[in-house]
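So the protein sequences, as listed, match chains A and B.
For the first sequence, the residue numbers in the numbering used here are 1 to 400.
For the second sequence, the residue numbers in the numbering used here are 1 to 193.
Keep in mind that a hint or two might mislead.
As the list claims (entries may be wrong) - With a straight-line cut-off of 16 Å between C-alpha atoms, the simulated EDC-like cross-links for lysine to aspartate or glutamate are: (1) A:LYS306 <-> A:ASP258; (2) A:LYS128 <-> B:GLU61; (3) A:LYS306 <-> A:GLU233; (4) A:LYS194 <-> A:GLU233; (5) A:LYS168 <-> B:ASP142; (6) A:LYS128 <-> B:ASP66; (7) A:LYS296 <-> A:GLU233; (8) A:LYS87 <-> A:GLU233; (9) B:LYS139 <-> B:GLU166; (10) A:LYS139 <-> A:GLU76; (11) B:LYS48 <-> B:GLU117; (12) A:LYS194 <-> B:ASP46; (13) B:LYS2 <-> B:GLU61; (14) A:LYS168 <-> A:GLU76; (15) B:LYS2 <-> B:ASP142; (16) A:LYS275 <-> B:ASP142; (17) B:LYS139 <-> B:GLU171; (18) A:LYS306 <-> A:ASP276; (19) B:LYS27 <-> B:GLU117; (20) B:LYS45 <-> B:GLU117; (21) A:LYS194 <-> B:ASP101; (22) B:LYS7 <-> B:ASP183; (23) B:LYS48 <-> B:GLU166; (24) A:LYS117 <-> B:ASP66; (25) A:LYS117 <-> B:ASP91; (26) A:LYS169 <-> B:ASP91; (27) A:LYS296 <-> A:ASP359; (28) A:LYS117 <-> B:ASP157; (29) B:LYS92 <-> B:GLU78; (30) B:LYS92 <-> B:GLU70.
Said to hold, decoys possible - Looking from chain A toward chain B, a few residues come up when the C-beta cut is under 10 Å (computed): (31) PRO30; (32) ASP39; (33) GLY141; (34) GLY145; (35) LYS194.
To be verified - Here chain A is said to cover these stretches of chain B; the calculated rule only asks that three of the stretch's residues, wherever they fall, bring their Cβ under 8 Å from a Cβ of chain A: (36) 19-27; (37) 33-47; (38) 50-61; (39) 99-105; (40) 126-136.
Source of the hints: derived by calculation from the structure; they are not laboratory data.
Cβ coordinates follow ideal geometry from the N, Cα and C atoms, glycine included.
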Amino acid sequence: MRVVITGLGVKSPLGCNLNEVFESIKTGKPCVGALENIDAGGFPMTAAGEIRQHGEVVKTPGSVDRKIHFLNLAMEQMLAEHNMSDKYSGNEMLMNLGTGLDYLDSENYFNSREYMKPFGSAIDSHQKAGRSMRELAIKFGISGGCNIFVAACAASSQAVGFSYKLLKKSLAKAVVTGGSDSMTSHAAYLGFFKLGAMALSDEGPATCKPFDRYRTGTVVGEGAVTMTMERLEFATPDQVIMEVLGYGSTADAFAITDPDPSADMLARSIEIALKDAGVSPDQIDCAHLHGTGTPKNAPAEYLALKRVFGDRVKDLPVYSMKGQMGHLIGACGAMELLGVAYSLLYQQVPHTVNFSESDPDAPLYVVSDKPLSMPVTHVLKLNASFGGHNTALILKKFEA
Amino acid sequence: MKVIYKKYAASQDIPVFDYVTKRKLTKYHTRETMAAMVAMGELYKDQKPPADMPFFYSTGELEYLDYYRELAMSFTEEERNTPFTGLFAVDKAMPRMSPLDQFKIMRNMTQCLISIEYGLKGDNALFLDSLQGLLLAVKISDYDGPVLIGAGKLYSDGSTACGFAEMLPDELTNFSMVSPHDDPLVFFKQNIQ
Numbered sequence: 001m002r003v004v005i006t007g008l009g010v011k012s013p014l015g016c017n018l019n020e021v022f023e024s025i026k027t028g029k030p031c032v033g034a035l036e037n038i039d040a041g042g043f044p045m046t047a048a049g050e051i052r053q054h055g056e057v058v059k060t061p062g063s064v065d066r067k068i069h070f071l072n073l074a075m076e077q078m079l080a081e082h083n084m085s086d087k088y089s090g091n092e093m094l095m096n097l098g099t100g101l102d103y104l105d106s107e108n109y110f111n112s113r114e115y116m117k118p119f120g121s122a123i124d125s126h127q128k129a130g131r132s133m134r135e136l137a138i139k140f141g142i143s144g145g146c147n148i149f150v151a152a153c154a155a156s157s158q159a160v161g162f163s164y165k166l167l168k169k170s171l172a173k174a175v176v177t178g179g180s181d182s183m184t185s186h187a188a189y190l191g192f193f194k195l196g197a198m199a200l201s202d203e204g205p206a207t208c209k210p211f212d213r214y215r216t217g218t219v220v221g222e223g224a225v226t227m228t229m230e231r232l233e234f235a236t237p238d239q240v241i242m243e244v245l246g247y248g249s250t251a252d253a254f255a256i257t258d259p260d261p262s263a264d265m266l267a268r269s270i271e272i273a274l275k276d277a278g279v280s281p282d283q284i285d286c287a288h289l290h291g292t293g294t295p296k297n298a299p300a301e302y303l304a305l306k307r308v309f310g311d312r313v314k315d316l317p318v319y320s321m322k323g324q325m326g327h328l329i330g331a332c333g334a335m336e337l338l339g340v341a342y343s344l345l346y347q348q349v350p351h352t353v354n355f356s357e358s359d360p361d362a363p364l365y366v367v368s369d370k371p372l373s374m375p376v377t378h379v380l381k382l383n384a385s386f387g388g389h390n391t392a393l394i395l396k397k398f399e400a
Numbered sequence: 001m002k003v004i005y006k007k008y009a010a011s012q013d014i015p016v017f018d019y020v021t022k023r024k025l026t027k028y029h030t031r032e033t034m035a036a037m038v039a040m041g042e043l044y045k046d047q048k049p050p051a052d053m054p055f056f057y058s059t060g061e062l063e064y065l066d067y068y069r070e071l072a073m074s075f076t077e078e079e080r081n082t083p084f085t086g087l088f089a090v091d092k093a094m095p096r097m098s099p100l101d102q103f104k105i106m107r108n109m110t111q112c113l114i115s116i117e118y119g120l121k122g123d124n125a126l127f128l129d130s131l132q133g134l135l136l137a138v139k140i141s142d143y144d145g146p147v148l149i150g151a152g153k154l155y156s157d158g159s160t161a162c163g164f165a166e167m168l169p170d171e172l173t174n175f176s177m178v179s180p181h182d183d184p185l186v187f188f189k190q191n192i193q
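Take the sequences, apply the hints, and build the full model.
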């Protein structure tokens, strides 16, 4: 059973439609800046990848949960171009999305003293992601089910992988999948800062430098990406963007934040995905990695690739989107699939923004300065998360 | 096949130390995690599940406002009268946030800590309040053996509940079914043995 991605909706730091996103990837223009949508005065760092349209940050009032607001817009955009209800009944469609924490409008919560309300009272400043997403499923006529994935940075890639398996095993006809998250609220941004994984900077907004020898950490961001996934038998061939060929997921069971330095289970997720896809490591043309810019991420990804690809690791082009837009956490895997789509559609491996010097502990072949033109048929997409969830997806250039 | 379901009132002790070997990690436990450790301990007794067994978990909407409420209530009256700004968040709120609470707020900590305690490294996913997700995960499993599914929830009244079961795809039909859109804990509660 072949499974394909046929429609996309996007609101992201790289742009608010697919053409804008692809143009940003091609040029490598920086899409991270100092926080604009919230008052970040006094913050120890302010760098963030906020959602931009025509290069400008899209602003919303504090009462708006941005991950839901932009998810709604991404869904509207996708369904306007790719009307699912023409082909499928509501019960035949599922929604599987990744996301992060619930939203707290800190300013209103504190200024209106909502914390003084009796225990169990409705709190206007607190918006639950699950409820909001299920309401969106109903709004868009998707009644086959709404499953929300919340495994931190692996949430949306789990949602995509799970959706693929449902379709492959004929347990669904069509799935709306992807992810939406925003780390640009006071609570989410400062909470993540306290975890100690953010990039450091002496002056100006910090930069995320995936795989670079002098990387210091990541930069957080936000974005909403939706995609329609269908069985090829029901899809319209000229709408197919790419084919999903394989999925593997594992857990490190090692630590609550750090990846297992042996990278055994990260490598295992790749092996499972390759087996599922029925392709050999030699058939993978490039790897789009998780590439967070944190010190421990790059050596783990390097070791995993080395175990699977052997000496070929030094010749396998790799890429991370996070240097350009930051880490979208619960939406990162879905957003980064747009980078995979770029590779398959334009036959290029994008360049990793902010990478300049190779790390001796992770001597990956990182494409830098400009995209690398080459034949691209199969792409490996890797993601991993705090808590030790690993995912690997194999995507293929579509051929009818 | 065995189903375990546990529920604890807010005032009730959860005997987590009787069921964990990695005691240092209990500082990261929410009451949902504690209940999950007890339920897993009851499910497996002195046995250990295979390391590659798939493990799918559904967590409840997190009542993390408790952490912010506690933080806000610690402010002086003068601080409460100060308008909220970025600087206020950094100077007054951030120092009062416990670093342990940062981890407790992360939705995947219960599944992560269970995986570490039992060495579970197989196929996995974490859902938010989804019985359908758990049941579909069993149906689509490629694993040659049962799948471990679990669900837990912290309720706003301070109580917590948790359920676990090992399940084969064929066994789904033997269970008392609820609507896939229902709370996953209802499934475990209805099928407790």
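(request) Return the numbers of the hints above that this structure violates; sort them in rising order. (result) Going through the list in order, the structure violates hints 1, 3, 4, 7, 12, 13, 14, 15, 18, 25, 26, 31, 33, 36, 37 and respects the others.
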